[in-house]
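S.K.: My request is simple: use the sequences and hints to build the entire structure.
Chains as they are written, first to last, in the numbering used here: chain A, 274 to 550; chain B, 274 to 550; chain C, 274 to 550; chain D, 274 to 550.
Zero decoy hints are in this set.
One copy or two, it doesn't matter: identical chains are merged, so the pair holds either way.
Heads up, simulated DSSO-like pairs for lysine-lysine below, C-alpha to C-alpha not over 27 angstroms straight-line:
#1 K313 x K295
#2 K334 x K287
#3 K518 x K317
#4 K276 x K334
#5 K530 x K363
#6 K306 x K473
#7 K354 x K454
#8 K514 x K306
#9 K313 x K518
#10 K530 x K514
#11 K317 x K295
#12 K473 x K514
#13 K276 x K306
#14 K424 x K354
#15 K276 x K518
#16 K539 x K338
#17 K313 x K473
#18 K514 x K355
#19 K539 x K317
Calculated from the structure, these hints are not laboratory results.
A quick note: this is a predicted structure, and the numbers were derived from the prediction, not measured.
Protein chains: 4
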Amino acid sequence: MNKYILLIDSNDEKGLVFNVTKILFENDLNIEKNNEFVDKENNKFFMRTEFTGSINLDEIKEKIKSVLPDNANIRLISPEKKNIILMCTKESHCLGDILIRYQANDLQANILAIISNHQSLENLVTKFEIPYFYISHENLTREEHEERVIKVIDNYNFDYLVLAKYMRVLTSTFTNKYSEKIINIHHSFLPAFIGANPYKQAYERGVKIIGATAHFVNDNLDEGPIIYQDVVTVDHSYGWKDMQKSGRDIEKIVLSKALNMALEDKIFINKNRTVIL
Amino acid sequence: MNKYILLIDSNDEKGLVFNVTKILFENDLNIEKNNEFVDKENNKFFMRTEFTGSINLDEIKEKIKSVLPDNANIRLISPEKKNIILMCTKESHCLGDILIRYQANDLQANILAIISNHQSLENLVTKFEIPYFYISHENLTREEHEERVIKVIDNYNFDYLVLAKYMRVLTSTFTNKYSEKIINIHHSFLPAFIGANPYKQAYERGVKIIGATAHFVNDNLDEGPIIYQDVVTVDHSYGWKDMQKSGRDIEKIVLSKALNMALEDKIFINKNRTVIL
Amino acid sequence: MNKYILLIDSNDEKGLVFNVTKILFENDLNIEKNNEFVDKENNKFFMRTEFTGSINLDEIKEKIKSVLPDNANIRLISPEKKNIILMCTKESHCLGDILIRYQANDLQANILAIISNHQSLENLVTKFEIPYFYISHENLTREEHEERVIKVIDNYNFDYLVLAKYMRVLTSTFTNKYSEKIINIHHSFLPAFIGANPYKQAYERGVKIIGATAHFVNDNLDEGPIIYQDVVTVDHSYGWKDMQKSGRDIEKIVLSKALNMALEDKIFINKNRTVIL
Amino acid sequence: MNKYILLIDSNDEKGLVFNVTKILFENDLNIEKNNEFVDKENNKFFMRTEFTGSINLDEIKEKIKSVLPDNANIRLISPEKKNIILMCTKESHCLGDILIRYQANDLQANILAIISNHQSLENLVTKFEIPYFYISHENLTREEHEERVIKVIDNYNFDYLVLAKYMRVLTSTFTNKYSEKIINIHHSFLPAFIGANPYKQAYERGVKIIGATAHFVNDNLDEGPIIYQDVVTVDHSYGWKDMQKSGRDIEKIVLSKALNMALEDKIFINKNRTVIL
Numbered sequence: 274m275n276k277y278i279l280l281i282d283s284n285d286e287k288g289l290v291f292n293v294t295k296i297l298f299e300n301d302l303n304i305e306k307n308n309e310f311v312d313k314e315n316n317k318f319f320m321r322t323e324f325t326g327s328i329n330l331d332e333i334k335e336k337i338k339s340v341l342p343d344n345a346n347i348r349l350i351s352p353e354k355k356n357i358i359l360m361c362t363k364e365s366h367c368l369g370d371i372l373i374r375y376q377a378n379d380l381q382a383n384i385l386a387i388i389s390n391h392q393s394l395e396n397l398v399t400k401f402e403i404p405y406f407y408i409s410h411e412n413l414t415r416e417e418h419e420e421r422v423i424k425v426i427d428n429y430n431f432d433y434l435v436l437a438k439y440m441r442v443l444t445s446t447f448t449n450k451y452s453e454k455i456i457n458i459h460h461s462f463l464p465a466f467i468g469a470n471p472y473k474q475a476y477e478r479g480v481k482i483i484g485a486t487a488h489f490v491n492d493n494l495d496e497g498p499i500i501y502q503d504v505v506t507v508d509h510s511y512g513w514k515d516m517q518k519s520g521r522d523i524e525k526i527v528l529s530k531a532l533n534m535a536l537e538d539k540i541f542i543n544k545n546r547t548v549i550l
Numbered sequence: 274m275n276k277y278i279l280l281i282d283s284n285d286e287k288g289l290v291f292n293v294t295k296i297l298f299e300n301d302l303n304i305e306k307n308n309e310f311v312d313k314e315n316n317k318f319f320m321r322t323e324f325t326g327s328i329n330l331d332e333i334k335e336k337i338k339s340v341l342p343d344n345a346n347i348r349l350i351s352p353e354k355k356n357i358i359l360m361c362t363k364e365s366h367c368l369g370d371i372l373i374r375y376q377a378n379d380l381q382a383n384i385l386a387i388i389s390n391h392q393s394l395e396n397l398v399t400k401f402e403i404p405y406f407y408i409s410h411e412n413l414t415r416e417e418h419e420e421r422v423i424k425v426i427d428n429y430n431f432d433y434l435v436l437a438k439y440m441r442v443l444t445s446t447f448t449n450k451y452s453e454k455i456i457n458i459h460h461s462f463l464p465a466f467i468g469a470n471p472y473k474q475a476y477e478r479g480v481k482i483i484g485a486t487a488h489f490v491n492d493n494l495d496e497g498p499i500i501y502q503d504v505v506t507v508d509h510s511y512g513w514k515d516m517q518k519s520g521r522d523i524e525k526i527v528l529s530k531a532l533n534m535a536l537e538d539k540i541f542i543n544k545n546r547t548v549i550l
Numbered sequence: 274m275n276k277y278i279l280l281i282d283s284n285d286e287k288g289l290v291f292n293v294t295k296i297l298f299e300n301d302l303n304i305e306k307n308n309e310f311v312d313k314e315n316n317k318f319f320m321r322t323e324f325t326g327s328i329n330l331d332e333i334k335e336k337i338k339s340v341l342p343d344n345a346n347i348r349l350i351s352p353e354k355k356n357i358i359l360m361c362t363k364e365s366h367c368l369g370d371i372l373i374r375y376q377a378n379d380l381q382a383n384i385l386a387i388i389s390n391h392q393s394l395e396n397l398v399t400k401f402e403i404p405y406f407y408i409s410h411e412n413l414t415r416e417e418h419e420e421r422v423i424k425v426i427d428n429y430n431f432d433y434l435v436l437a438k439y440m441r442v443l444t445s446t447f448t449n450k451y452s453e454k455i456i457n458i459h460h461s462f463l464p465a466f467i468g469a470n471p472y473k474q475a476y477e478r479g480v481k482i483i484g485a486t487a488h489f490v491n492d493n494l495d496e497g498p499i500i501y502q503d504v505v506t507v508d509h510s511y512g513w514k515d516m517q518k519s520g521r522d523i524e525k526i527v528l529s530k531a532l533n534m535a536l537e538d539k540i541f542i543n544k545n546r547t548v549i550l
Numbered sequence: 274m275n276k277y278i279l280l281i282d283s284n285d286e287k288g289l290v291f292n293v294t295k296i297l298f299e300n301d302l303n304i305e306k307n308n309e310f311v312d313k314e315n316n317k318f319f320m321r322t323e324f325t326g327s328i329n330l331d332e333i334k335e336k337i338k339s340v341l342p343d344n345a346n347i348r349l350i351s352p353e354k355k356n357i358i359l360m361c362t363k364e365s366h367c368l369g370d371i372l373i374r375y376q377a378n379d380l381q382a383n384i385l386a387i388i389s390n391h392q393s394l395e396n397l398v399t400k401f402e403i404p405y406f407y408i409s410h411e412n413l414t415r416e417e418h419e420e421r422v423i424k425v426i427d428n429y430n431f432d433y434l435v436l437a438k439y440m441r442v443l444t445s446t447f448t449n450k451y452s453e454k455i456i457n458i459h460h461s462f463l464p465a466f467i468g469a470n471p472y473k474q475a476y477e478r479g480v481k482i483i484g485a486t487a488h489f490v491n492d493n494l495d496e497g498p499i500i501y502q503d504v505v506t507v508d509h510s511y512g513w514k515d516m517q518k519s520g521r522d523i524e525k526i527v528l529s530k531a532l533n534m535a536l537e538d539k540i541f542i543n544k545n546r547t548v549i550l
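M.R.: Rendered as structure tokens:
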């Protein structure tokens, strides 16, 4: 008895649940979890099903395809560790949190490589016997630097590229190349502050809550579909550096939770939103 | 086109989703929301489906019944306002929160009556033109008092009996009579404190978080399946009366959220747990 | 034995705490709570002291003034109910929350009047025997409408003007006239969304957290020093109207908490921030 | 110009703030932060002052002592890294979180040693070049095992002993020996569950919130003054192992925050409560 995960997103039509579950039933497969969501505004259907049984993956996938609308995306997977690449700069809080989970075998992923534009975290990373690629951006154009990064990345067959406090803006050439594969973390405020040093701006407005947002990266680095968010409270006694420090604690938790959702195949991208099933 | 909600709980079997959605499909009904949950440990299946169409309720219910295991519970309802009775003692925070929602037409319920063992809230309640029954417990045994309360309750055909800070212990005769219909709110602490004045005990242990739990009432008044919980933070500067005051804010939000879940037919009771779909 | 609250904000200097507490000590006054905060960046000193004893208010205030820098603000008050005016439009959640606290004698305030540009809430307000002024803005310029509002306000001697979901933009003439006296509540998102229907924008970005911010109003209605903030979580199944509904629950709690801080004389305004002691 | 932290707890008396700040003023010291708290019920006074200047520590401490009640505790310290020892069993989440902070120089502490009753975490710890003492409890009485642990501990001069998921019950001989020095973390539920496998009990009651409590250890391992608490939400789809997994994320954050409060000298113990200034 093996376990499988089926993920479908397609235009919505009458009878989709019936038609899909019919195939599972006829093939003697046992549904263990089943979640659907219909985005009525955009007439989109999302379904995530965990089932057990013994199947020929391609055959079942073909049968499911035959009962769905033409544009349907179907992922039918046997759950196993995903492959990820991490990118970072100087701060270790997000990276360290992932490394500790990795070391404890708590992360459903192999870390293939860690790429940084600084050497600062090499000492930490090598403790965990993971290849560390130091690719300085000094004296390079953004494009030249990214080319070197891409050269490393393209040596690997990876599922997700995680920006664990990678502090360089990426070109849309880069983000488009790895569309729907890049997960980023960044601080968030109520309200938001745009421009240089948002922590300082938040401090000056006297915000009482600071947060973090993990999201997929699209053309605009700090936008893209939100995966997970959380906040911590601060008060007037926090200077902006204290806020930044508090921000780190929530950033690492939010990034790790979002990464886990991706590794467990729970995320659909629906235009600029996510559906988590 | 009408809207319907279908709620099923039964033993789990292969093909349940398929069999039920088949009936909906064949009757030209359109699923708008569908959630299932399988409690594998207890082999129980829960399903909540919102669909639109035009049906003969009894006929469809009969068809669904025919494809489910014998012990299945099926609720097939046309969503409309539920009828509720509230019970309270002296504190107005939970009651008031419900009354303001009721007045704003934000509550999917008719409030049939409010019963109290004190007169304190009569003035507030009558502003909202709802019958207020003052049934003092003075000089009565617990059983005698409850008999008088039951006499009032049984004049009404109600869906839920909400204990909005009703501070009397109920006998199991009473709670069994209205099994799965009574919703209660009470304070909660991390860790819990048993016995008289838990706020004072929590204060003495220096707790930093106080919470509230809304739950169905079973034999033991403060136990029974939990519907919703939330917390607020406190610190050393809070005396136990300040904690109690903070507790009130969270109690009213938690009770109103739990009540809304019940009014929207989202709750299943699964042994001593709830499943919220 | 009476209770007093002393609030000082001034430029920071060595010896301020010593000099102030010296006066309290020499006058046989007993400090029950004492909090200070120094904003080192701006060299500002804030102190809030609760003490008991028997004093001539003006005499003690004069003594304290003599040991503080010239520009110091000193408030020395005997805590009693403040006077407030509420403004609202059509939504009752914030107003209702305040009314229920008021009715339960849980609010350290007299509500002098409620002013609205709609009649919708008149029925609710009059239940609580509070004057309701319906001042329509129809066919009036913003200035003309505000003049009529000001005419009502200026009949009263009030401490705070609370915008309990008053949905009209105020001119800077108005907000400057009642500088540091107007408390507003508005929704907040991570990240923020500017322009029409922010709930819809938040929905389209798929935010997972929505919040509320209570703040003093300055020239720009939705800015000004933040008093209190809190958030609730939402998910992909929330349409933007559901988000708005969740937003209401957090708005009312945040506004009532901020109002209580003001009524208990805990707030200092420090440029565009608050210090809460 | 050096920075100092002064911590006082004593019986409350009139004039304490005045008397202490007088000494600071006369010695030309500049108060940067000052917080007091009076526990009126127990007539206890707590004060934490950060100041800058140039002093003879012993001399100033003596002067302060002379103006305080006899039983006063005075700590006057020049802030520097504290020394800590960690104890753990098999789980790495709390330990790893502390190690990553330590490696990033984000922890105001030297980690002198890590002691475990298992070998599981040796591989992780040695990456960070910290002595790891594996002291198995197999075939030993509780007392014999603790004696071996104590032998290691007593080689070091330490400030705090942190139980980072050390899963053995400690005797009161042990906890009394290191009174007010041991910080522990444990899961917390609303309500609490006593006995074996509380996660399973919490699951069976269907709790919606699970939390963690960091506290000083007294005679009873899981009691003692609470330092910090926080919670995460769960739902019916969480099995008890999922709850445990969620619990780990909140445990590590809560323990690290509590440890930081201790390292920054912010905690007073007041009977069975803490005062955090």
